[in-house]
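**Q** In case you want the letters, here they are:
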Amino acid sequence: MIKDLKKQNVWFVFTPYLWLVLFFFIPLALIFKISISVSEWGMPPYRDLFSLSENGLKINSTLGNYLFIFSDPFYIRSYLNSLSLAFTSTVLCLLIGYPIAFYVAKSKPSIRNILLIMLIIPFWSSFLLRVYAWKVLLQGSGIINSILIHLGLIAEPISMLHNHYAVILGVVYTYLPFMILPLYGYLVKFDLNMIDASNDLGAKPLNTFVKVILPLSLPGIVAGSMLVFIPVVGEYIIPEMLGGSDKLYFGKIIWDEFFVNRDWPIASALAMSGIVILVFPIIIFQLMYAKYNFKNE
Amino acid sequence: MSEPFLQIIDVSKRFDNVVALEKVNLKIAKSEIFSLLGSSGCGKSTLLRIIAGFEKPDEGKILLEGKDITKLPPHIRPLNIMFQNYALFPHLNVTNNIQFGLKEEKISKEEINHRVNEILNLLELNGLEKRKINEISGGQQQRVALARCLVKKPKLLLLDEPLAALDKQLRVQTQFELVNLQYKLGITFIIVTHDQEEAMSLSDRMAIMKNGEILQIGNPVEIYEKPKDKYIANFIGTANIFNVLNKNNQIIIKELNYEIKNINNIENYVKCLIRPEKISVKKLENQSDNLNIGLVKEVAYLGSYTKYLIDVNGFEFYSFMQNSLVSDNLQIRWDDKVQISFSETSIYFFND
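Going down the list, the protein sequences come from chains A and B. Heads up, the first sequence is in this note's numbering, so the first residue is 1 and it goes up one at a time. Heads up, the second sequence is in this note's numbering, so the first residue is 1001 and it goes up one at a time.
Okay, chain A solo, but in the shape it has when bound:
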């Protein structure tokens, strides 16, 4: 009986790993392979890593792609643009999401579920449609400009679309639930008596927030920030639809290298570099954070 259960458990655990290997590690390995290949005309547009010639086995690998992208400020700038976009939108999501999460967590259970459903409902429609909706709202003949003109506040439509502010708006709008939900998960477990206790001990509401509520919701803040920051670094669709030429973002550059320039090795090298630059600080942060949490438990 127990043996059977164990067998089941193994499969239970193994299935997601299988999924990861098939759809994550293998594609990643393929991308890595392309990133160290030499570019050439043809289909696929790179030379095979190994080729047989009269002299025997030949390895056609190069680090040239990496050297190239790190020597060109264009790529580095686009990556910094993406990091700055991710940082700004994470901070904004946190500032907007925290009060919402707190309010939802503090409300009565009956109302709480309705509020949660309201947060989740936008996910039922396509991500593309939601971003496109902003395009419609923000454009010159869009609803916002029409209302402002109608009210006499402006004479000419303001151009709100195709700049990096529109991108930030779209990103914050799209990723806000990813901040709110983990925060909510921690705040809902929060014992409200602790707020009363802190007040009772003489702490003003602001001090109570800084000394009690904030430190106890830190894991939620970290989780939410990760869920927003990491995907936004590689975000492609939102800058493509709402952004303009004022700032180029990393995701768009990779897309262009793949599909416009058909330079798969460069595009792959960009993707790999982006991942590596992001992954190591996050791993270090997570290790430090886990240590900190361990000390606190």
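Hints are all accurate, no fakes.
For the chain B half of the interface with chain A, some residues (derived, Cβ under 8 Å), not all of them:
(1) Ala1052
(2) Asn1085
(3) Glu1104
(4) Glu1105
Using 30 Å as the maximum straight-line C-alpha spacing, the simulated DSS-like pairs for lysine-lysine come out as follows:
(5) B:Lys1337 x B:Lys1278
(6) B:Lys1228 x B:Lys1023
(7) B:Lys1023 x B:Lys1271
(8) A:Lys204 x B:Lys1030
(9) B:Lys1271 x B:Lys1307
(10) A:Lys189 x B:Lys1132
(11) A:Lys108 x B:Lys1023
(12) A:Lys108 x B:Lys1061
DEER-style ranges, computed between Cβ atoms:
(13) A:Ser146 x B:Pro1078: 56 to 64 Å
(14) A:Pro73 x B:Glu1105: 50 to 58 Å
(15) A:Lys135 x B:Glu1059: 50 to 58 Å
(16) A:Lys108 x B:Arg1131: 34 to 42 Å
(17) B:Val1179 x A:Gln286: 48 to 56 Å
(18) A:Tyr292 x B:Val1179: 41 to 49 Å
(19) B:Glu1197 x A:Pro231: 58 to 66 Å
Derived by calculation from the structure, the hints in this document are not laboratory data. Even glycine gets a Cβ: it sits at the ideal position worked out from N, Cα and C.
Since the structure of chain A is provided, determine the placement of chain B on it from the hints.
**A** Same frame as chain A, but now just chain B:
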């Protein structure tokens, strides 16, 4: 009572049209241990939260040493509350929990350290200073919660079910410790509890609450011996309540068909209470003057005393007998016939 320390005047509170408190009036003296006792939903916790400042009363005033504190926010009120679940801060260690409130006051670091050490000694928490809250036992947590309040030297300490989270043995010990502590410090305690034994053993005076109203205020003896009505009589301890008839100057306990001879004026009272420990039972041998014969329906041996459920003419009531006093009684079994006796001075008359 000269100048009352805390005065609660006509305080009412409603939550969505449900009455939580209805015109509550209360005067509490300095250095008193006062309990608010009632079953859940009687409004005792709401009253405590209003005194602490977490809730605003719809009507009425609260005066502390003559000053109106009704509108003061909780962080300014010179009183502290200990929560039922303690509400200790899990991200802080014992010392930081205790000095949390002091850091909000403008006090020098030396003074803070001095007062924290003082309270650590008083509550025997030495050696636990650096521990996290989840690394100490329930009893220790209770003392940290108490220390966190007392270190602020409050004028008034509110305790919400202070012993409910402790196991039974620890509870009895902690009861005595709390009383000793209060005696040493002279701080006024207001305790909310649903446990009548706890209220009886801790308080100087107590208020019995029901449906947002105070039914009776008095010291434990008064409340136990002279309950105002049937609800209180049943709520505090076990009550044997009988109907009394007054016929042609004959006063009769109806259910026992017993005539009270030494009392001739019971005014308009229609009920009487005889506490179980005041009724003694004896295995039937010979007749005595205020004799009644009953049938033993149940026997519960509880070590120091035994509970008997007695049936007289279909009416059931309890008798509690000290085992040390009457070892013969240990032989009383189910369905035995017993004679019942009680002193007429132990009869308490009241109305519904």
